[in-house]
Structures are given as C-alpha cells and as structure tokens.
Amino acid sequence: MSEPQIEPEIMRISWGPQHPMSGQTRILIDVDGEVVHRLIADLGFTHRGIEKILENRTLLQGLIPIERMAMVDTANIGLGYVLAVEEALGIEPPERANWIRSMICEICRINSHLYAFGLQVESTGYFPAVFLWTTVDREVLLDLMERLTGARWSYNFIIPGGVMNDLPEGFQDKVREAVNYLRGRFRQYWEAMVENAVFEMRCVGVAVLRKEDAIRLGATGPVLRGSGVDMDVRKDEPYAAYGDLDFKVITEQDGDAMARLKVRFHEIEQSLNIIEQVANEIPGGPVRVKIPLFPRPKPGEFLSRVETARGELGIHMFTDGGMNPYRVKINSPSLRNMYVFERLAELNRILVADIPVVINSIDPWYLDCDR
Amino acid sequence: MRGEAEMILSTYSWIVALAIIHQLIATSFGSIFDVLDIISKMILEAPSLLMKSVLFNLKPLTQIIVIPGLAFILLFAIIVVWFERKFLARAMLRVGPYYCGGRSGVLQLIADFLKLFLKEIVIPQDAHMALFVSMPVILPTIPALAITLIPFDLDWVLFRAGGLSLPMFFAIAGFSPLIPVFAGWAANNKYTIIGSLRTAFLYISAEIPLVICASAVAIMAGSFDLVRIVEAQSTIWFAIPQFIGFIIFFLGLIIEAERTPFDIPTAEVELVLGWRTEFSGILFGFTMMAEYVSFLAWALLFITLYLGGYNGPNIFGLPLYSHIFWMLFKLAVLVPIVILIRGVFPRLRMDQLLRLGWYYLMPLSILNLSLRWP
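Heads up: the protein sequence lines correspond to chains A and B, in order.
For the first sequence, the numbering used here gives the first residue as 25, with consecutive numbering after it.
For the second sequence, the numbering used here gives the first residue as 85, with consecutive numbering after it.
Among the clues, some could well be false.
Stated by the list, open to error - Computed, partial: chain B to chain A, Cβ under 7 Å:
hint : residue
1    : L177
2    : A341
3    : P345
4    : E352
5    : E354
6    : S406
7    : F409
8    : L424
9    : I425
10   : G427
11   : P430
12   : R433
13   : M434
Hints are computed from structural coordinates only; laboratory data are not their basis.
The beta-carbon is built from N, C-alpha and C at its ideal position, and this holds for glycine as well.
Based on the provided sequences and hints, a complete structural model is requested.
As structure tokens, then:
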C-alpha cells in the first residue's frame, strides 16, 4: 500500500433499512471520503422463524410457510423441501411430474434472474427503464403460471408425490409463445445493458471475486459461477428431470459485477431452452402418486440439495417418527453470499457509488437470509 | 483609553492596507471587480428599474414578467417536468401521470406543487437553522439572474452588460455550487455532506472546460458580448466550425444542470437524495425548481453560443416575434434530447467523472481553443 500511514478519519454510514436501494436490511459502511473500508451486513430485520414454524406443522402443511422464503423463486425452494419430504416418506414421483417440476422451476429461475438484473441495472442509476421492462416481461411468465397453477406467486403446486395437476389444454403452445417472445426481448436487454458504454464502465472490474476466494468464502450460485467455478447442483446431482434435459452450466472467468450479470443472462437463455424442451418432449402418464393426508415419516435424517436461482439450497430434516419434523435446518444461498459481500471490501477497492451495484450483483433475498 | 487608541490606530492601518491591496488587485484584475460591481448594481437597482418601467414604458416590464423573466422561467420548469414525466414514461412502458387533468396529466404538477406547499417543513435538530432555510430559497435565483443576460433579440435583453455579458454569465453561475455545499453542511447529515462535497468536485471539473470553450467562441466572434456573438452567427452557426467545443459544451451543460448521467450529487440509489436529503415541503420544491432553472440557463447559453441564438428565417411579420420564436423552438428541440439521455444512460461514478473532466474535456477544449486561433 502506497497510501500514507495516517489513521484515516472514518465515517460510519448506516445504509438502510430506510434507504431507496437497501431492501429489508441494514449495511454499516465505514467510509473514508468515498472509499469503503469495511462492510458489515446487519441482517435479521425480517426474521420470521420459518425453521421453528416447520417444527409445528405436519409435513404437508410445512410446504406453505417454506415457499414464503423467497417469493420470486418460490418453486425452487418448495421443490427442495418436497425432495426432503419424499425421501423421508420413501415415495417416488412419476416421470411426467418430474418434467413439470423442472419446467416450473426454470420459469421461477427466469423470474428471479429478470428481477435481479433489473435491480442491478437500476442500481447503477439507470432511470428505472430496464427495471420496468423486466417487470413487464415477468408478467408473461406470471400469466403462464396463473394458467397452470391458479396463482401468480407462491404456487404450492409441487407437492410430495408429484405435482398438483396435469398441464391444462393448449398449455404447451402458450409456453412456446412465451419463450419466443422472451428470446426477442433479450436482444434488447443485451443492448441496453451489456453494450451500454456507461453501464459497462460501472460494472466491469467492480468487486472482483477471484476463483480461490469464491471457493474459500463459500460463495454459491451465479456468484460462484461468475468467478469461473463450474458448479451446479442440477448437473452434479441431477434431481427432477434435469438428468434427461440438455443444458449447459454457464461460467464466466472475470468474477466482477458484469460477469455475474452475464451468468444470469445466459442462464436465462438456458432456462428458456429447458422450458422449450419440456414443452416439446414431455412424456405421458400420471402426474402424482397417492399419499396419505397425514403421512408419518420414518425416523432419521434426510438431506436434499437443489439449485435455486441464488445458488444451492440445502434442507436438512430430522424426523423422530411423529407427524411433524423434529427439526428442519435450511441452508440458505443468500446468507452464504452475504458473507462474501462483507469480505468484498477487503478484497477490492470499493467506492460508495459501487455499493448498490455490488449488493445487487450478489443478489441476496433478505427474507431468504433471515428465514 | 490607551487600548482604545491602539485599537483605532490598528484598525486604521488595516483599512489603509486593505485599500492598497484592493487598488493593486483592481488594477490587475479590473474586470472581475467590474463584474461584481455590475452584479451589485443589478441587485440594488432592480426596484428602481421596476418603478421606472411601470411609470415610463412597458418594455422592461414585459421582459421582467413575461420573457425571459418570471413567467417564462416558471412555465419552463412546469412544462419540462410534465414533459419529462410523460416522455420518460414511454421509455419505461408506462403511461405517466394519468388522473389529474385527464389522460395527459397536466394538472398533476399543480397537485404536486400544492402538496409541497402545504407540507410541514421539518428541520433536523442539529441543523444550522438560518442556512438550512435560506439556501434552497436563494438557489433558484442564481441561474435566474444569469438568464437575464441572454439576448432574445437585438435589443430584447433584460440586462445589457455589453462586452462583459459572457464573463458575467460564468461569474454568476459560478456561485451556484456554493449553495449546495452550504446546504449540505447545514443539514448536518452524513449523506448530505457526501453529496455536497460531490457537488463541489462536479462543478470544478466541468466549469473550466466550459469557460475555455466559451472563450474560443468569443475569439471567433471577436467579442465577449452575447449579442455580437449571436450576430456573428447570422451566416453560419458556431456549432459547425467549433464542433469539438460544441460537443464539450453539450456535456458540460448536462454536468452543470446535474442531470443523468452526471447527477452524481443527488444519486438516489447511493445517497438517498444527496445534499437534498433533509429538505422537505416547499424547500425541497425550491431545490427541484433550481435544477430546472439552471438547466434552462445553460441551455439558453448553449443555444446562444453554438446554435445561432435567435437567428432564423423571419416567419412572423415583426423580427422580434420570430426571433423569440426561434429561441423557444431551439430550446424545444434541445430539451427532449437532454431528457432522453436520462432514459438511456446510467450514472457515472465520481472518479470516472473527474477522469472525464480532467483527462478528456480539458485537453480537448484547449485543443479547440488553439485550433481556432487566428
């Protein structure tokens, strides 16, 4: 360090929860002028005790609170819980249900990524044009999900033993229409974001997370893949129908805010491919197996891993033979990435103006962090 | 007794010393003091000017009240805010204000103004009361004062400063960054202090290239008089021979008006609202109005220096009307372009702006100056 060894006059700014860009959290920032010295994430403003609530619900009732963890990514989290429950009950869903599950999960992933890069673009000071474009385009997917499940958010459609219902008539055509529409729109996003000179200046080289740091700090999801680590639970331990589907794991080598954005961008393209494959090649058959209304799981420990939009979600469920689980531990991807966020100020030179870009490139969902 | 005598003596010697220093500076930098004299005369003579105009003729009164005076400035602020909302809403797949005043939403601004006017003014406990209340009120008057120097016709200038009008514009506009700095300090909040420091940096990096570009125009026209600069453009606009200066001045205009991508002092996603964070009610309204008045002042200067000012074909019978029309027409073309930039670009970071100002705009403006040297 060539800076003079004088004790700098540090000012601590409280960033949120009353702030236009902070979300439901508070970040304490130690700044010297415009340079950030330290970031402290003060989480817990939205703690709802979901883990404790799950102990007081039967296995099927537990699906409702756990899907509230991240509303924008609800099916992926619900699927994580359902996989653990299915393991505890020892049941296997039919193949058609697995394909429908994959499709719903990918729609949720697109939803979530669209929201994430809408926010990242807005956080660079873009007058919220792109954010509103993403909101309008998410409407297409929400309409699709409303047609399938009857709900726009929090579907509770993936249940132990399969999915709630079969696809409605003509649904595959609607899916193909939506996929074509979104593919057309993404060219515009690419021009508005990645090819925009000022946006590039704000994102390239900001908050670089190198490969070894990303592994050491336990990053996950697009943050990890943006640093060049090829890891995706969908490929490594295929669940649902991902073993039969054809898709690539996206990685970027740069590790900066732009790399994370590009990972999300290309993952949306892959998700669109998956959705199209499901619409074209879905096998026939039943969509659910009968399970009792109050199932009794066998005692033991059950673990499930799924790749949500923000990274790997782990559900660790302990049962003691009663109707309710004894304990459910949720390993949330957002919380893991928040640890990375706190360290980024030590690894890089971050300015005050970069903080919204950095936090939205990490893309935490605070309800998910606090559970 | 002795103490008093000493005090008087020392005061006297101080006055003599100051007078000598003043004389020395005045001889070397005479023009600066002339500018300050004229500004003070403007402020002092305004009431008598008003009286004279009421008593003797209506022309200055029209200039003060209609154009380029109060009504023009206020109407510009109102129309541009409305237009910006509707125009940018199209870029965002929205419809903009929709309910007040029909589909066009024209009455929304009046509703907003009434809301701001009737809201309680909250003054933080630790704020410097006098500065906090006075600064937003002073702020819009500074660019409004600069607008009085802009010619709308050969003899339709509210304040005729002759060969000093271009330096005076910069002298007056040079005061405007002081007000946010004081206001941010007075509010005594961490966000406002960071915002006010950013304001100071922003203006320093923008104003020097602007002055250099303007002096290149003055060299080409052979005068600092804005009227003569406009008259010199009757054959060809200076935008064509001074293309580099034209681009630099356009960027500088956006920087000076604190608009995206250079609205760094009020960066909403970073600093809540920068130095404006603590203002509420009508004080906030004044700060927002000041942004648009300053935008107007710099846009008018830009038109005067590079886009031929009031020159244009005579379409009405009287040259005065067509001159004012062409001025407003050029403004109406320029404003949407500046507004559209807000819908297309993100905000630069402070260090990137300083790099732009000192590494690119400054050398390019000096290059522009030397290219046109006779």
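Against the structure, the hints:
1. Among the interface hints, the one on L177 (chain B) holds; its C-beta lies about 5 Å from the nearest C-beta in chain A, closer than the 7 Å criterion.
2. The restraint placing A341 (chain B) at the interface with chain A is violated, with a minimum CB-CB distance near 15 Å, outside the 7 Å limit.
3. The interface hint given for P345 (chain B) is met, as the beta carbon of that residue sits about 5 Å from the closest beta carbon of chain A, less than 7 Å.
4. For E352 (chain B), the suggested interface contact is upheld, since its CB lies about 5 Å from the closest CB of chain A, less than 7 Å.
5. Using the Cβ-Cβ criterion of 7 Å, the hint placing E354 (chain B) at the interface with chain A is satisfied: the shortest such distance is roughly 5 Å.
6. Of the supplied interface hints, the one on S406 (chain B) is violated, with its beta-carbon coming no nearer than about 36 Å to a beta-carbon of chain A, more than 7 Å.
7. Look at F409 (chain B): its Cβ only gets to about 31 Å from chain A, farther than 7 Å, so that hint breaks.
8. Taking 7 Å as the C-beta cut-off, the interface hint given for L424 (chain B) is violated, the closest approach to chain A being about 10 Å.
9. Here the hint on I425 (chain B) is broken, as its CB sits about 10 Å from the closest CB of chain A, past 7 Å.
10. For G427 (chain B), the shortest C-beta to C-beta distance to chain A is roughly 5 Å, which falls under 7 Å, so the interface hint holds.
11. Taking 7 Å as the C-beta contact cut-off toward chain A, the hint placing P430 (chain B) at the interface holds, the least distance being around 4 Å.
12. Against a cut-off of 7 Å between C-beta atoms, the interface hint on R433 (chain B) holds, since the closest Cβ of chain A lies about 5 Å away.
13. A least Cβ separation of about 6 Å between M434 (chain B) and chain A falls short of the 7 Å threshold, and the interface hint therefore holds.
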